[in-house]
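Heads up: the protein sequence lines correspond to chains A and B, in order. Residues in the first sequence are numbered consecutively from 1, following the UniProt record's numbering. Residues in the second sequence are numbered consecutively from 1, following the UniProt record's numbering.
Mixed in with the good hints there might be a few duds.
Said to hold, decoys possible - Subject to a maximum C-alpha distance of 27 angstroms in a straight line, what follows is the list of computed BS3-like cross-link-like pairs (lysine-lysine): (1) A:Lys123 - B:Lys72; (2) A:Lys142 - A:Lys162; (3) A:Lys123 - B:Lys170; (4) B:Lys170 - B:Lys17; (5) A:Lys106 - A:Lys186; (6) B:Lys17 - B:Lys44; (7) A:Lys29 - A:Lys106; (8) B:Lys72 - B:Lys83; (9) B:Lys124 - B:Lys72; (10) A:Lys123 - B:Lys44; (11) B:Lys170 - A:Lys142; (12) A:Lys142 - A:Lys29.
Rather than coming from a laboratory, the hints here were simulated on the basis of the structure.
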Amino acid sequence: MECVIGVVGRDFAVVAADTSAVQSILVHKTDEDKVMVLDSNKLMGASGEPGYSSQSTYRRTSTSIQFRNTIPLSTAATANFTRGELATALRRNPYMVNVILAGYDKDVGASMYYIDYIATLHKIDKGAFGYGSYFCLSLMDKLYHPDMTLEEAVDLVDKCIKEIRLRLVVAPQNFVIKVVDKDGAKVHARREYISDSPPDAAPATASAAATEA
Amino acid sequence: MSIFEYNGSAVVAMVGKNCFAIASDRRLGVQLQTIGTDFQRVFKIHDKLYIGLSGLATDAQTLYQRLVFRHKLYQLREERDMKPETFASLVSALLYEKRELAKDFVVSGTASESLYGACESMYKPDMGPEELFETISQALRASVDRDCLSGWGGYVLVVTPTEVRESVIKGRMD
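Just chain B, with the same shape it has in the complex (with noise of 0.2 angstroms):
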């Protein structure tokens, strides 16, 4: 079985009008087996960066340290946050890969095909902060339910340019 399957994972992540939503699925197995069923892969950067890891999770919570080691480097030498663009040149430079920069959404992970199908037609450009948490609710909710290695629930994060609002949602438990 391929590592990146070994786990299971659903991350996506959507743009709004002036805000944005990260979500991911919370089920932790190995292979057939679901170990726990809170597990976090979307993680907090600063106030306006998140990172969505999915994939093999002992490589998602290595990279999550070293990212949070590196920025916090760069906040003591720079006296700020890292921009998100620099930030992604970063990651893109640790996995070793070309980044694209996507305008509307992105997906990951082992439904990442259903997720692709889902969020292209639900998503519409410049959605407010409800619309949004909305649609990425129901994105993430239908593509897991088609794959067996993920799901188990959702969290969706919607960040605006005042507050951020974390939210659990309630999906099948299969």
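One chain only, chain A, in its complex shape (with noise of 0.2 angstroms):
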């Protein structure tokens, strides 16, 4: 049921995630973030039961080796890291999480990687998980085309979720969209659905008729 989309820009990367945490029937959370900001120039969309788990330890990992090294890590490192983890865990402990992970480095420029649970590894210029794929991967690869701006790849981000929102069963309705450029990773907008409510005459009917029964 989680989504999770990627899409590369001119110089920029978009990656959108629904903000819904679920378990079986029941919505705990219609405000789960599961796009970590992992450095100032990277972002991971992790989808998967203990993808949030996961993203706290993957974190204090990461980190831990760039201050040894006084390197940041560069987006493929990390994405040849993520994937390390995740094989290493595969016939052991496996983390059920799927990941995008998408960074700007000044000599190469924005990329995203794809690495599903099973730590296969691709680097891509567009992609999604979950359901909501299904209906996202064919709009990406009819709309998309390299060196979008900003406002394009949002434009193209909002399709997907007005489809995901439209034809999928249970469909999460909440996204958070963040960008990771020259400039860093930060929150570029949530699409929050807004559905009828009942007009505020409902309730003050329904109290006066309790009241004479």
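Once you've looked at the hints, go ahead and assemble the two chains, each given alone in its own frame, into the complex.
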């Protein structure tokens, strides 16, 4: 049910994810942040059950490597490190987490990596995880082109969100969109679903009826 | 579903006259869904040694990293590259199985049955580099078109004593 979407643009990358924390039929919360800002130039969108706890373990390990070596990790290095962690754990105690890792490096520009829960690593320009990917991937195949501007990329992500809301049964309604570029990684926008609420008159009528009865 | 069919793959290699060719498809899938169309399955170990790894992509990546690690240690100790026969022994030891040294062609992947048929009919011994390139490309293309889990283009490498030619071949993108 969880959807993570990623798109690489001209000199930035966008990672969007839904914000619902779900267990079986219960929605625990609707403002869960699944796109982690790893450091000033990396975003990690993770989907999967222990995704939340894995992220904190992951951040501790990657920060410690950075401090030990006094060089910030590049996006490619981070992606390969993540794959290594997932691959080592795969046949013992696998992490059931799918990751879209996006980053901006001065020499390489913006890049994005797809790492699934069995540690398959692939560099991509556009990708998605979850049931939403069945709708988003083909949308992106049609509408994506290299070197998109931020407006175009966010518009593409919005189209994906619209499709997920419309076509996925038990669709997540709220999303967060984050962007990473040369100026850092930050929240770009949130998409909240505003449904039709009953008019204010309705509760008053109900209580009046209850008093009469 | 079997782990050999989870990602989908097709790899073929052929021996020619003083040259060899190795080719693979480019699809990375997760069962029925296609994730990427530029996935690398053929890896370089040294100038005259390439390995194509089909099957589960994560294991192919892990195995490739382990093989490169072992080969680099070998290079440091022996101060030379590993011979293909030696490397084949290393791979088979890691995979814990018997290996067969073929004199004509080898195939692997979800399209392996089709590849066997195509290679058997198109292959002839002692082909030159250009003819080998044509033969392996046509064999790969014909075979992956009959397999839904592999395809989306092809990647061919032809190695002669003097040069290495890499090409990406266009195929049916479905």
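Evaluation of the provided hints:
1. Between Lys123 of chain A and Lys72 of chain B the CA atoms are separated by roughly 25 angstroms; this keeps the pair inside 27 angstroms, and the hint holds.
2. At roughly 16 angstroms between alpha-carbon atoms, Lys142 of chain A and Lys162 of chain A fall within 27 angstroms of each other, so this suggested pair holds.
3. Between the alpha carbons of Lys123 of chain A and Lys170 of chain B the distance comes to roughly 20 angstroms, so the proposed pair stays at or under 27 angstroms and holds.
4. About 26 angstroms separates the Cα atoms of Lys170 of chain B and Lys17 of chain B, which keeps this hinted pair within 27 angstroms; it holds.
5. Restraint check: the Cα-Cα separation between Lys106 of chain A and Lys186 of chain A comes to about 17 angstroms, which is no more than 27 angstroms; the hinted pair holds.
6. For the hint pairing Lys17 of chain B with Lys44 of chain B, the CA-to-CA distance comes to about 21 angstroms; that is within 27 angstroms, so the pair holds.
7. Between Lys29 of chain A and Lys106 of chain A, the direct Cα distance comes to roughly 37 angstroms. Violation of the 27 angstroms bound is thereby established for this hinted pair.
8. Of the supplied pair hints, the one linking Lys72 of chain B and Lys83 of chain B holds, its CA atoms being roughly 13 angstroms apart against a limit of 27 angstroms.
9. For the proposed pair Lys124 of chain B and Lys72 of chain B, the alpha carbon gap of about 35 angstroms is over 27 angstroms, so the pair is violated.
10. Taking the CA atoms of Lys123 of chain A and Lys44 of chain B, the gap is about 19 angstroms. The hint holds against a cut of 27 angstroms.
11. Distance check on the hinted pair: Lys170 of chain B and Lys142 of chain A sit about 19 angstroms apart at the alpha-carbon level, within 27 angstroms; holds.
12. Annotation: proposed proximity of Lys142 of chain A to Lys29 of chain A is violated, straight-line Cα distance about 33 angstroms (limit 27 angstroms).
Comparing the model with each numbered hint stated earlier shows that hints 7, 9, 12 do not hold.
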